[in-house]
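Number of protein chains: 2
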Amino acid sequence: MNKAYVHGYDYRENMRLQDQASTLVELLHSDTFYPAGSRVLEAGCGVGAQTVTLAGNSPDALITSVDISGASVAEAGKKVAAAGFAHVQFAQADIFNLPFGPDAFDHIFVCFVLEHLARPAAALHTLKNHLRPGGTITVIEGDHGSAYFHPDSRAARQAIQCQVELQRRAGGNAMVGRALYPMLLSAGYGAIRVSPRMVYVDSGRPEMVEGFTKKTFTAMIEGVRESAVASGIIEPQEFEKGIRDLYRTTEPDGVFCYTFFKAIGIK
Amino acid sequence: MNKAYVHGYDYRENMRLQDQASTLVELLHSDTFYPAGSRVLEAGCGVGAQTVTLAGNSPDALITSVDISGASVAEAGKKVAAAGFAHVQFAQADIFNLPFGPDAFDHIFVCFVLEHLARPAAALHTLKNHLRPGGTITVIEGDHGSAYFHPDSRAARQAIQCQVELQRRAGGNAMVGRALYPMLLSAGYGAIRVSPRMVYVDSGRPEMVEGFTKKTFTAMIEGVRESAVASGIIEPQEFEKGIRDLYRTTEPDGVFCYTFFKAIGIK
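Residue numbers (my numbering), protein chains in the order written: chain U, 2 to 268; chain V, 2 to 268.
Incorrect hints may have been included.
[Said to hold, decoys possible] Here are the simulated distance ranges between beta carbons:
#, chain 1, residue 1, chain 2, residue 2, range
1, V, Gly85, U, Asp61, 52 to 58 Å
2, U, Ser196, V, Ala37, 33 to 39 Å
3, U, Ser232, V, Arg158, 23 to 29 Å
[Unchecked claim] Covered stretches of chain V (in silico footprint by chain U; criterion: 3 or more residues with CB under 8 Å from a CB of chain U, positions within the stretch not fixed):
#, stretch
4, 38-44
5, 175-181
Hints are computed from structural coordinates only; laboratory data are not their basis. None of these values were measured; they are calculated from a predicted model. Beta carbons are placed, not taken as given, at the ideal position from N, Cα and C, and that holds for glycine.
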């Protein structure tokens with residue numbers, strides 16, 4: 002994968018993910034909690050931005066969090082320890098080659114991971130092997146094609162498209178959110194239920210203007226400036242105009258919309 | 002206005018609006034009800050698709066429904082009479098020249114109207130003159146820029162864009178939903194609160210596949226076929242492919258998303 006855009010590897014990105022996690026915790030995670038004693042796999046924990054929330058919401062579950070990056074796993078471990086949780090175990094592991102047996106887990110949790118995978122449906126299928134019959138999988142992903150705003154701006158749409166294109170070239174899919182239902186279906190899960198979580202931001206919600214439009218979404222798009230220009234996808238001045246127009250949506254008469262998708266399926 | 006695309010004037014369109022109204026009643030209207038004795042203006046009632054719901058939810062309010070089309074007002078009157086409601090009065094009138102005094106109403110309700118107006122913010126400002134201080138305005142509009150789907154399709158997006166372009170040429174704005182907050186702000190309303198109502202459809206929700214994706218949204222886009230082709234916006238075969246691709250999203254692995262915006266402001 003192209004490290005230039007991948008989330009979670011440098012300090013600024015790390016801080017951004019923390020901002021994102023705080024602003025979105027209620028919207029994305031408040032309805033996810035697991036029973037006492039249940040064995041939960043967090044597949045793709047990254048630097049632990051969601052792990053702390055997951056652990057806090059399910060204080061008596063037994064959580065195992067894995068990531069393909071050893072550095073991320075170490076970072077996630079520190080974060081969870083700092084929060085005082087002792088019911089999370091960590092391992093460095095590839096989703097396609099997990100060191101767990103069949104039916105090892107009662108529940109699986111996958112958040113902001115499929116967007117980075119070249120074969121997301123295959124990953125969901127593989128994960129199912131480690132889930133007991135009747136166990137659930139919960140998947141959360143964004144979708145950059147769900148972003149629209151006022152005032153509308155072609156340049157802003159092009160700047161967003163740079164992130165989509167770079168992620169595509171790295172084998173991922175920044176518009177994966179809308180496809181959770183068909184992916185879970187093709188992976189063989191049943192009773193699939195998708196609930197979109199739309200983030201709507203106008204100046205009557207100043208904490209979301211700061212926490213989401215500026216510090217999460219626009220910061221993420223700004224983060225691909227060098228890669229986008231270097232790869233010839235866009236001219237620097239076009240990209241800059243796009244970023245200015247994204248910030249324009251945070252003024253008193255601006256509006257910004259984005260949707261995350263949360264899906265649950267049963268084995 | 003270009004009658005070829007305007008909603009509510011022929012039998013088929015009328016039926017479509019009824020389907021749309023039934024499927025969306027809960028999502029859009031269940032939280033709108035007015036106190037006994039309150040004077041409510043429905044500005045732009047069309048053929049009454051929403052009037053019956055409005056009247057049913059507020060059985061003791063005094064509702065006045067107006068539309069610029071006398072034929073539509075007559076149709077709305079029949080519909081409300083057939084439903085057995087006697088607390089709705091009708092008048093043929095232009096929003097910009099209403100036959101009511103200042104502060105004549107406690108509440109104003111505007112649904113699927115601003116999208117057709119060349120000066121929507123001015124209409125909201127004019128309506129405010131007829132609202133008592135402390136009274137509310139409720140506005141509901143769609144936004145065609147909020148439509149996205151799986152599988153994604155350039156042709157389908159182009160077919161949707163035909164409707165957007167025709168509505169623009171007729172002086173309207175099919176993407177007005179996202180702009181409710183700034184429009185109410187510029188019209189001088191306070192305490193504005195916008196709540197998006199996203200319609201998410203996958204094959205696990207068959208009533209929405211039929212009621213929304215097929216019979217409401219795709220039927221509406223199909224309805225502009227002749228106008229779009231005649232005006233040279235699109236080639237017939239491209240348009241047909243776009244319609245096929247919209248129907249493709251109603252298959253078992255398809256997904257369709259659309260968002261309505263509901264806003265409330267206070268004078």
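- request: Can you let me know if the beta-carbon spacing of glycine 85 (chain V) and aspartate 61 (chain U) is within 52 to 58 Å?
  value: Since glycine 85 (chain V) and aspartate 61 (chain U) have Cβ atoms about 55 Å apart, the given range 52 to 58 Å holds.
query: Taking the beta carbons of serine 196 (chain U) and alanine 37 (chain V), is their distance inside 33 to 39 Å?
result: 36 Å, holds
Coverage claim, chain U over the stretch 175-181 of chain V, checked by counting residues with Cβ within 8 Å (three needed): holds (count 3)
- request: Hint says 23 to 29 Å; check whether the CB-CB distance for serine 232 (chain U) and arginine 158 (chain V) agrees.
  value: 25 Å, holds
message: Can you tell me if the stretch 38-44 of chain V counts as covered by chain U, using C-beta to C-beta distances under 8 Å and a minimum of three residues?
response: violated (count 0)
Hint compliance for this structure: hint 4 is the single one not met.
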